[in-house]
Amino acid sequence: MKSVIKQEVLALNGDEAVAYAAKQSDVDIVAAYPITPQTIIVEKFSEYVANGEVETEFVCTESEHSAMTACLAAATTGARAFTATASAGLALMHEMLFVTSGCRAPVVMAVANRALSAPINIHGDHSDTMAERDSGWIQIYAENAQEVYDSVVQAFRIAENPEVLLPVMVCLDGFTLSHTLENVNVLPDTVVEKFVGTRQLPQVLTHEGKTASFKLDPENPMTVGSIALQNYYFEFKRQQEEAMRNALNVIKQVHDEYAQVSDRSYGDALVESYCVDDAEIAIICLGSTAGTVKTVVDKLRAEDVKAGLLRIRTFRPLPVKEIIKALGTVKALAVMDRAISFGGNGGPVYHEVRHVLYSADKHPYVVNYIYGLGGRDTSPEQIRKIYEDLQRILQTQHVKTPIQYVGLRE
Amino acid sequence: MFSEWKFTIKDIAEKPDLFMSGHRACAGCAPATVLRLVMKAVRGPTIVTNATGCMEVVSTIYPYTSWATPWLHTAFENAAANASGIEAAIKILKKKGRIEQEQIDVIAIAGDGGTYDIGIQALSGAVERRHDFLFVLYDNEAYMNTGIQRSGGTPHGASTTTSPAGTVIPGKLEYKKPIADIMVAHEMPYVATASPRYWRDLITKARKGIEVNGPAFLHAFAPCPRGWRSDPSKSIELSRLAVETCIFPLWEAVNGEYQLSAPSKVIALRPERKKPVKDYLQVQGRFRHLFTPKFEKLIDEIQRITDERWQRLLKRCGMT
Numbered sequence: 002m003k004s005v006i007k008q009e010v011l012a013l014n015g016d017e018a019v020a021y022a023a024k025q026s027d028v029d030i031v032a033a034y035p036i037t038p039q040t041i042i043v044e045k046f047s048e049y050v051a052n053g054e055v056e057t058e059f060v061c062t063e064s065e066h067s068a069m070t071a072c073l074a075a076a077t078t079g080a081r082a083f084t085a086t087a088s089a090g091l092a093l094m095h096e097m098l099f100v101t102s103g104c105r106a107p108v109v110m111a112v113a114n115r116a117l118s119a120p121i122n123i124h125g126d127h128s129d130t131m132a133e134r135d136s137g138w139i140q141i142y143a144e145n146a147q148e149v150y151d152s153v154v155q156a157f158r159i160a161e162n163p164e165v166l167l168p169v170m171v172c173l174d175g176f177t178l179s180h181t182l183e184n185v186n187v188l189p190d191t192v193v194e195k196f197v198g199t200r201q202l203p204q205v206l207t208h209e210g211k212t213a214s215f216k217l218d219p220e221n222p223m224t225v226g227s228i229a230l231q232n233y234y235f236e237f238k239r240q241q242e243e244a245m246r247n248a249l250n251v252i253k254q255v256h257d258e259y260a261q262v263s264d265r266s267y268g269d270a271l272v273e274s275y276c277v278d279d280a281e282i283a284i285i286c287l288g289s290t291a292g293t294v295k296t297v298v299d300k301l302r303a304e305d306v307k308a309g310l311l312r313i314r315t316f317r318p319l320p321v322k323e324i325i326k327a328l329g330t331v332k333a334l335a336v337m338d339r340a341i342s343f344g345g346n347g348g349p350v351y352h353e354v355r356h357v358l359y360s361a362d363k364h365p366y367v368v369n370y371i372y373g374l375g376g377r378d379t380s381p382e383q384i385r386k387i388y389e390d391l392q393r394i395l396q397t398q399h400v401k402t403p404i405q406y407v408g409l410r411e
Numbered sequence: 017m018f019s020e021w022k023f024t025i026k027d028i029a030e031k032p033d034l035f036m037s038g039h040r041a042c043a044g045c046a047p048a049t050v051l052r053l054v055m056k057a058v059r060g061p062t063i064v065t066n067a068t069g070c071m072e073v074v075s076t077i078y079p080y081t082s083w084a085t086p087w088l089h090t091a092f093e094n095a096a097a098n099a100s101g102i103e104a105a106i107k108i109l110k111k112k113g114r115i116e117q118e119q120i121d122v123i124a125i126a127g128d129g130g131t132y133d134i135g136i137q138a139l140s141g142a143v144e145r146r147h148d149f150l151f152v153l154y155d156n157e158a159y160m161n162t163g164i165q166r167s168g169g170t171p172h173g174a175s176t177t178t179s180p181a182g183t184v185i186p187g188k189l190e191y192k193k194p195i196a197d198i199m200v201a202h203e204m205p206y207v208a209t210a211s212p213r214y215w216r217d218l219i220t221k222a223r224k225g226i227e228v229n230g231p232a233f234l235h236a237f238a239p240c241p242r243g244w245r246s247d248p249s250k251s252i253e254l255s256r257l258a259v260e261t262c263i264f265p266l267w268e269a270v271n272g273e274y275q276l277s278a279p280s281k282v283i284a285l286r287p288e289r290k291k292p293v294k295d296y297l298q299v300q301g302r303f304r305h306l307f308t309p310k311f312e313k314l315i316d317e318i319q320r321i322t323d324e325r326w327q328r329l330l331k332r333c334g335m336t
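In the order they appear, the protein sequences are chains A and G.
Take 2 as the starting number for the first sequence in my numbering and just add one per residue.
Take 17 as the starting number for the second sequence in my numbering and just add one per residue.
Each computed DSBU-like pair below joins lysine-lysine, with the alpha-carbon atoms no more than 30 Å apart:
id : chain 1 : residue 1 : chain 2 : residue 2
1  : G       : Lys107    : A       : Lys211
2  : G       : Lys193    : G       : Lys294
3  : A       : Lys195    : G       : Lys107
Hints are computed from structural coordinates only; laboratory data are not their basis.
Isolated chain G, as found in the complex (with noise of 0.2 Å):
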């Protein structure tokens, strides 16, 4: 199902840049770093699309462009139909002697607006048909692109301007769906997490997408420092912290098998090092009002669904 593809960190520094630097992304955009990792594990001739959202805005402000593959946006819910079309053009025009490269891989990229909420129901139909893509979700879970707005990807207690904390309300009141469980319902042959502090991990998982028949999806967790407030130089200290305290577990589900990733089987098989949520949520301003006396009792109840999440994806994993 896989190659065996293997590499090192100057295979990785030496391999040309695809998603090109000159971009217009903030300090410590950790899409931009999702965006440069899961270009660095292409395997070849590639197109690439991507939803209307910040990566699309930064990268392409017309007359320049950050792609060194060919690259198509369209508009915002529609990155897997995107993908659908390219794959399937590609695939006639292969049959029909109009392309002469033996492969060309898909990737559809969108943020947690494009994939969690506007973007499902293409996203859905483009899994359901099996067509040949890499469907790639850097989540910063918000609409960041147009200032900091609630999606389905935001979680539980997060300050945004949509959901803001007020005195009465402590922030978004629904919880994160959980996408990637959702993808793998579609019984779709690759799901999986990863963040860009694991690197090694998330080239690995992207390059896997790539290579497996039929559609795969790949949720980055990609932290925002202007929608988090959190500090700029912090981003992959954040994406590490999410992984330790199983806010964001990593894992992979092939076939629909889950099994859990290095960084996360640590923690499954020595449960004293899963960290406590708080030690995530303190460092951003967007949780800022759970630790005051009014809204603490907000911490807790993370922790809750952190924890009921975590158990039952060990259950998956069959760690349990």
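Chain A extracted, bound-state conformation (with noise of 0.2 Å):
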């Protein structure tokens, strides 16, 4: 169905994008400790609250670990929080990460990822995000600012069902997409406010046997955040693996409503499917590198080759049915990592990818691509060049190094 809903174009960057849909969701509360990349994401918020545009609580907290602590307090009092960070606020936020996730706070955050330090770095890649993909978050990664956008107005969504209910990271790539305008369609204020609508708290029962909505209040007061000791905490956190399991359907529900609005989809909102169907040599990866992929995929495609890519846009929870149906008829794979995983023999997508295709019928060859580290750039010709080598391996039927490292001075 093609939405009869008329939507304005505003040439906005990634950041711009994150705070005009957070603009749009009616959040109660940003709580949030400005940091290069995601910077102009509060500083935008900041000026929407300034002038009124917005009826949200702002608190400028003293540091990323307050302004995770600060959502994830608000959302337990019934509010909806939002916050943003990059790279070294992240790994701040990381103990409350795991706090916020297991109090079951449905936080939505946008992360610009940037590298970690040291050597310190501003720029772009996915360390700081894969060191955290632990954490009990959702983690959908965009490609480009118009899903930056859309994935915004989703993940409040996604985090507030009650068969979920656990926090939202949006992660999209420093400066590539943080700092860089772009054409987004946006939808009216009026139609975002209606897909989004109000906060709603799921129904528990109190220790009085009551019915209340799950929340600090001092009509039906619940003790939220206590000790869990050897006889009970390993429940709790069979619980968080269930609510990860349901996100994989309301994930892809959310997008598929998302788009009967807004006539724009992401795949099957796990993952999405370029030119794989029938694809002999595949790339997998994350994030905006997937728009350079797909230019040379146009070409090779041009050229009677049968290359595909598979963008992973959900990572958690990681889609593992998705992944071996769009990779059926692939022979030889290259999996991108933006991050490194020390002594790890390879980057995470890598592992992950690898492990998902242990109990696939067929095992294509898997090599692994580390690139883009510190904001390196990653050129067309370096991305035809791994599709060579995936035509290399099928001709040699051989694997001669598994794990290589793109434009690096070795």
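Please dock the two separately framed chains into a single complex, following the hints provided.
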């Protein structure tokens, strides 16, 4: 169904797209701390607050640790909470990321991906969010500013779904997306307002046997964040894993519903296949690099090379079935990692994709390309070279170097 | 600025406990007494948030709770940040009509570790942002929950498991951080010290801290028999001795104006009532080593620091 809603086209960079989506999503509280390349998000949102364009409490905390804490506490009090960070800021939040997901607080956060120190570097790579992949947060990686906007709007619905009730990270590549101006179609305020709605609270049973909204409410006192030892902790964690499983469907449902309204979709919301249905060689990647890969795939297809791309959009929860299904015809696969797992035999995406393929009927050759650390540019020529490597692997039926580095001086 | 709230002992006894019995604090735990008294001071709907520490652990072992108020714990260093988020959420949700209560007060509770040390950044930030909440520090002068390690609130000469009295080093070498003065320096509207021995004073101050618009800080002295190596039946007596020796004087600062509270004012007016620190030190095992020839000079040193701090306080209170 084609959307009949008239959408405005705005020139926004990724950060502005985040702020704009948050502005339209009836966010009750933003608690944040500035850090490059996320700063534009909080600056922009501060302007909205200063100009009375939003009904939001804006809390300029003294650190990211307190920013995440305040979001978690506000969400537990029944508010819709949003924040944004990057790199060292995300690392400082590390402890609170686990507490937030553990308290089942549906906080939404944009992360403008940036390298971790040392050496200090302000540019884009995925080492910050990859280090948090086990923090119990849903992770969505966007390809462009349009998807950033769309994903932030969707994120509130996903996080707050009672079957999920988990925090969501929307990841956008630092500078490549955060600071690059693009044409972004935005929905009218009223449409987003209706789509996202007001924060709904799940109903739970209180110790008095009453049904009440899950929040800190003097009418129905609840103890949140208590100590659970050997006899209960494990069950809490198992429930979080169950919520992650539920999220796979909810992410798809919210995405499909949004597609009806906006006429935009991103694969099946979990993975996006590009010319991969009949591909013999394929690349897997996350984020903005997919745009570069797509242009190379187009060229290769024009040369009758059966090349494809599978972009993992939702990295947490990991769409196991979807990845296996999408790679049905692929005989040689390159997994691109914009993060390194020191001493771990390849990057994190490589680990996970190889693990997923173990349960597939057919096992393609899988090689790992670590690229773009600290914002190093990755060119179409380098991507083409990766596809050539895959062709060579197919010809020789042999993988010479399973883990390689793109554009590195060695 | 403050209401004319008056209460009798009967009122307090009959007021339902919001921090209820059944928690697993040790015998003689003064922090538990402090919390019970603080919760007697509430004026209406209240949300409590707790830093990690003794009181959090003993009161909320899942699936049990001692809290008859909504209560949130998230981590160790961020009780004030929790309060920030709760208070900001109450503000906006009231504005948007999603909270019906006219007023909900917020109380953050932390021990000395969660205040002097790991918690000071979040506390300082929340106070600078002028969130409306009461921060209660129950000061048992070391990391008791983890087994008596020294903190910025541990006094000079005290033996702890990370500042043990050895053959060469006589316990903690550093001095207790003047945390309440640091909070006054934030130009916050209300800062007070309190001791559970003077329960009426403590409840009154907690109530003032709740009523004041903006951040308030209550520094409550809270003996810990396990950590202080003191008799569990003597916690309240120690709470009295600390005041009588001027080791822990009672005062309040309203908008930065210091004023001695009655139990300390009596001593200021009648200096002969000021007891030597020795009386306070000798009943605690953590200072036992000071009563040996090798380290006994330290008692004089503790007396000197105590006197100096007392004089400084009198000056601030305009009583010199």
